[in-house]
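*Asks:* Here is what each chain is made of, one letter per residue.
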Amino acid sequence: MATEVGPTSVKAPASGGAPIHHAPKGVGEDNRIATQGRWAAWLLAPTIIALSVVIVYPIITAIVMSFQKDAGLDPVTGLFTEGGPAGFSNYVNWIFQQCPAPGGGTVECPPGTLGSQFWSATATTFFFTIVTVSLETVLGFWMAVIMARAFKGRSLVRAAVLVPWAIPTAVTAKLWLFIFAFEGIGNKLFNTTVLWTGSEWPARWAVIIADVWKTTPFMALLILAGLQMIPAEVYEAAKVDGASAWQRFRMITLPLVKPALMVAILFRTLDALRMFDLPYILTGGANNTTTLSILVINQIRQGFNAAAALSTITFIIIFIVAFIFVRFLGANVVEQQTGAGKGKK
Amino acid sequence: MTAATEATELRARQDQGRKVAQNREKWAQTRTYISAVVILFWCLAPAYWMVVTAFRDVGYTYDTSILPTHVTLDNFKTAFDTSFGNHFGQALLNSLFIGAVVTVVSLVIGVFAAYALARLNFKFKYLVLGFILGASMFPGVALITPLFQLFTNIGWMGTYQALIIPNISFVLPLTVYTMTSFFREMPWELEESARVDGCTQGQAFRKVIMPLAAPAIFTTAILAFISSWNEFLIASQLSSDATQPVTVAIASFAGAQPNQIPYTAIMAAGTIVTIPLVILVLVFQRKIVAGLTAGAVK
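Chains D and H are the protein sequences, given in the same order.
Residues 1 to 345 (our numbering) are what the first sequence spells out, left to right.
Residues 1001 to 1298 (our numbering) are what the second sequence spells out, left to right.
The following block holds chain H by itself, in its conformation from the complex (with noise of 0.2 Å):
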């Protein structure tokens, strides 16, 4: 065997050699896509189905066809209608109301905690954070019993601030220690630059670090309002007709029949209180996600 036909040959082998590599690659990036396509459709799928079934006419309420049929509003009209008892508008008010307040709460309080835990040196840190993580951990289910007997005895049940206070109770640890996190990735090095330049310690704080805080205020501001709009088991106890939330409203949703669960109505009512929050998520998509495990809990 000559010299040159080895050359050409060890030359055809390397060919072959990255041909292999890139048609495995190929491959692996083909796999990728169906993975993602798989996601996709696990997590779309389901979401996609109440949005069609809250458009479709309530005689095709078992239309599997995929494609919407039978397009009506009358769903969303039947979601908001009080003559069988359902109280969803008035629930919409209430969860705004509440998620609101819960929030605002949380988040005043809850700043200054922040700030002491991300950015001061104190002895009992580690067991204050505990604490704080431990209170976000805590059955709900504890609080109820003994809440339901004190509410009855003041007389507080099926008022706000028997449905408030309780979500205060797993919304305050939340924004603490996501806003914690967030305020350590902060470049605090500014606020001391902006005071050597000449500002106030006011003017640094107006200037300098709000603008640099607000986001992630923010951001935890509706990870604080999702958790509460989401709450169910206290509020399904402690809410009368004329304050339960969405939840409530919609695991309660009664039609016409009793015997018949009015499925389209229902979708469309769920379909109400998503869409706000999915866009909502959607467009802050980034920041949420850095909050949730910034945070590390839901």
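The shape of chain D in the complex, shown without the other chains (with noise of 0.2 Å):
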């Protein structure tokens, strides 16, 4: 991350508030990219330097810290010991589930303790991700489609789905809680006496109700946007060519809408993989519902360190993540930014 920073350090002398000139295309271009560049670093030194401040050193001193040892009083023999460095003992505790033992070398983490819950964190910070992403790309889709059509009270419908990605999650998650709470109206609705948080499923299940109500109208909006994007002469011509209902959807409106969804799915996949929330008011982590993110804070006070190596490692999962979804699946965010302009420059 800290190499993106270059271009900034291309900084010329200011070039005295010169008037940005639209010479026409061809006469002094070079000359005129120069001073537009020089003019770009002026102006976006600011936020990268901002950025740079508040992002790119953080996780630089996480990654010191993550190879430091937390100083505090043994766990075993009671003594305190100092801090140094640790190589990579941090993260053998995560990844590969070791605790100190006493007299050195390690053990398996007992149970119960922060060090045995990285995989089934890991698990659980997927599976979220898997099944609210999917509930939401589905519903989100028929929701777009339904919002595209024309009908009376359509504008209605549209206003009502900002309605709860405008309440904060911390909210939702309160309300959620009170709707699925023992004698809650969620039980009655459904007839059924479960206690939601309770125990592992049902606690699952409204932690993905609850996220998929808050965040499937982000995904109809944007696929929406994509749907819009489409001419609806080219509807026209299918249908005068004889296609089928389901053969437009497939081979018009999926691959034109493409783009749009796959930046959709890779917004919604990151920020999913970064859960916590909703869950960690919802049901505090317990019953399997404790997600990366939630580890990573039930370790901070713990230990800075061991909690710095979990958090870069969770940084470089969700890095591969995006890596994939932008190199093998043709999200390109990029591409998707720059060229919404139609055209114009």
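I should point out that these hints are in silico values taken from the structure, not numbers from a laboratory.
Here the structure is a predicted model, which is why all the values come from computation and not from measurement.
Treat the hints loosely; a few may be bogus.
Below, simulated DSBU-like cross-link-like pairs (lysine-lysine); rule was C-alpha separation at most 30 Å, straight line [to be verified]:
hint: 1; chain 1: H; residue 1: K1125; chain 2: H; residue 2: K1287
hint: 2; chain 1: H; residue 1: K1207; chain 2: H; residue 2: K1287
hint: 3; chain 1: H; residue 1: K1026; chain 2: D; residue 2: K239
hint: 4; chain 1: D; residue 1: K258; chain 2: H; residue 2: K1125
hint: 5; chain 1: D; residue 1: K152; chain 2: D; residue 2: K239
hint: 6; chain 1: D; residue 1: K152; chain 2: H; residue 2: K1026
hint: 7; chain 1: H; residue 1: K1019; chain 2: D; residue 2: K152
hint: 8; chain 1: D; residue 1: K258; chain 2: H; residue 2: K1123
hint: 9; chain 1: D; residue 1: K239; chain 2: D; residue 2: K258
hint: 10; chain 1: D; residue 1: K258; chain 2: D; residue 2: K152
hint: 11; chain 1: D; residue 1: K188; chain 2: H; residue 2: K1077
hint: 12; chain 1: D; residue 1: K239; chain 2: H; residue 2: K1019
hint: 13; chain 1: D; residue 1: K258; chain 2: H; residue 2: K1287
hint: 14; chain 1: D; residue 1: K152; chain 2: H; residue 2: K1287
Non-contacting residues of chain H with respect to chain D, defined by C-beta distances greater than 12 Å in every case (computed) [said to hold, decoys possible]:
hint: 15; residue: A1004
hint: 16; residue: A1012
hint: 17; residue: G1017
hint: 18; residue: T1072
hint: 19; residue: L1073
hint: 20; residue: T1082
hint: 21; residue: Q1090
hint: 22; residue: Y1160
hint: 23; residue: D1197
hint: 24; residue: P1211
hint: 25; residue: A1213
hint: 26; residue: I1217
hint: 27; residue: Q1257
Even for Gly, the Cβ is constructed at its ideal location relative to N, Cα and C.
Assembling the complex is the task here: the two chains are given apart, and the hints tell you how they should meet.
*Replies:* Have a look at this one:
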């Protein structure tokens, strides 16, 4: 990440506030780009510097920390141990679930300790991500298709989907906690007597339902924006050629909406991988709803450096997923961004 | 068969075909309305339940009648009550303050970057865009550990700056790319025309560009404020009772009995926190949806 800060270092002397001329193409083009480059560097500098301070610096610090030992009382001997270089021991602690043993060496982390939860937290995080994003994609697509149709009250529906989006996640969590309370309306409606947050699968479903409710509108709006880019003539032509509704969906809608859809899925996936607020407030991470983010937070007060190692692992996992999306699944975010201008420069 | 009967038969068949098509059309329309009602219910019912509960007497917390019953304003009083260690009123002010500072700082810094990305041609443009988009997807949890230690060391734990600075890490990228996509859509040719008509550069900017850019900047400000207002993870770790924002206050809201969650008061607090946002969002619906989808992120 740090290497991407590059562009700003091309700081040329101030060009004295020269206006940006729109010379006709071809006339002094090179000169123009050079001038614009200098301007761009000045205009971008504040943002790049600010992001370097609030993101790049903490990340580097976290990586440095993750190779340090946590100072504190040794749990076994009860003696104070100094910090110091730790090599990869923090990472080993998480990935191989090895905790320090009395008299040096390591043993498998006993169940119940944070060290023993890494793989289950990873599994939970991916489980939540895959289930919520799949449900949101399907539901969001359906909502978008409906909202793209012409009918009376369409603007009402489009306004209504913004309501769950606008409610803060912390409030959403409390709201669904209330809905899923034992005597709450959830049990009443489904005619069940489930202690939703009391055991593994109901707790997981509570988190999933709340998350789907909260974030499907975002997905639907992104897909709707993609649908609206498709010209109606394409459908007319297909209809004339005798394509069925299903064929039109598969051969026209899907391929044309794919770029927007992939970006929506990418954003939602990366968001779901760092899920924290909902399970933290809804279940407190109990009953196998501890995500990686919750595990990091639980670890912070037990040792910064081990937490730093875990947050670095989390960061790397999210980075790899993003890379796979962009590289292999064709979610071209930057292109989508810059291409959104419809030819206008 | 005569030609005449053949013609009538043909007409009858055509009529029938038209009727079938009409019926199909009607059926499709009906299905659309059914779907629309389902969407409305799914999106609004839980929010409605929050508001109904907020106005319900605490003794009837688990009343499940759909219409408002035992209506009272006591829950709003309880929400602002500080005797159980809640600081909801203070938290509202904190959230407003933090949100305002984060929004203003991000806009002031970000507007330049957005202008450059939307209007100028330069090397590394994609790299910079990628960097800013990458920053916006950055997991907050990766920042929290180093910041926790840093702020502990320099005695910033529980201060406003300890909450404002991390928020900038995700609000600033959001402002930059939302504004970039807005700026790209603006009719910049008008600036040129104004200059041709004799405006100075400054006049062209003030009288033509500013009025055009104002709605874009305003929408971005709303989106920035909302995302700061909704932040929970970082605030839950770095804030104190005095500086905690509403999300943290609501998540840790305590009642008179430790084992009983004061749901009605929490729903009242949730309603207070949500209603202004919902009104804001509904009033500027079109612009907000444009901003959301142009930037292609929450």
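*Asks:* All hints are to be evaluated individually against the structure, with a verdict given for each.
*Replies:* A quick look at each hint next to the structure:
{"no.": "1", "hint": "H/K1125 <-> H/K1287", "in the structure": "holds, 26 Å"}
{"no.": "2", "hint": "H/K1207 <-> H/K1287", "in the structure": "holds, 22 Å"}
{"no.": "3", "hint": "H/K1026 <-> D/K239", "in the structure": "holds, 18 Å"}
{"no.": "4", "hint": "D/K258 <-> H/K1125", "in the structure": "holds, 25 Å"}
{"no.": "5", "hint": "D/K152 <-> D/K239", "in the structure": "holds, 24 Å"}
{"no.": "6", "hint": "D/K152 <-> H/K1026", "in the structure": "holds, 14 Å"}
{"no.": "7", "hint": "H/K1019 <-> D/K152", "in the structure": "holds, 23 Å"}
{"no.": "8", "hint": "D/K258 <-> H/K1123", "in the structure": "holds, 29 Å"}
{"no.": "9", "hint": "D/K239 <-> D/K258", "in the structure": "holds, 21 Å"}
{"no.": "10", "hint": "D/K258 <-> D/K152", "in the structure": "holds, 28 Å"}
{"no.": "11", "hint": "D/K188 <-> H/K1077", "in the structure": "holds, 29 Å"}
{"no.": "12", "hint": "D/K239 <-> H/K1019", "in the structure": "holds, 19 Å"}
{"no.": "13", "hint": "D/K258 <-> H/K1287", "in the structure": "holds, 24 Å"}
{"no.": "14", "hint": "D/K152 <-> H/K1287", "in the structure": "holds, 21 Å"}
{"no.": "15", "hint": "A1004", "in the structure": "holds, 32 Å"}
{"no.": "16", "hint": "A1012", "in the structure": "holds, 25 Å"}
{"no.": "17", "hint": "G1017", "in the structure": "holds, 16 Å"}
{"no.": "18", "hint": "T1072", "in the structure": "holds, 17 Å"}
{"no.": "19", "hint": "L1073", "in the structure": "holds, 19 Å"}
{"no.": "20", "hint": "T1082", "in the structure": "holds, 19 Å"}
{"no.": "21", "hint": "Q1090", "in the structure": "holds, 16 Å"}
{"no.": "22", "hint": "Y1160", "in the structure": "holds, 15 Å"}
{"no.": "23", "hint": "D1197", "in the structure": "holds, 15 Å"}
{"no.": "24", "hint": "P1211", "in the structure": "holds, 19 Å"}
{"no.": "25", "hint": "A1213", "in the structure": "holds, 15 Å"}
{"no.": "26", "hint": "I1217", "in the structure": "holds, 15 Å"}
{"no.": "27", "hint": "Q1257", "in the structure": "holds, 15 Å"}
The structure meets every hint from the earlier list without exception.
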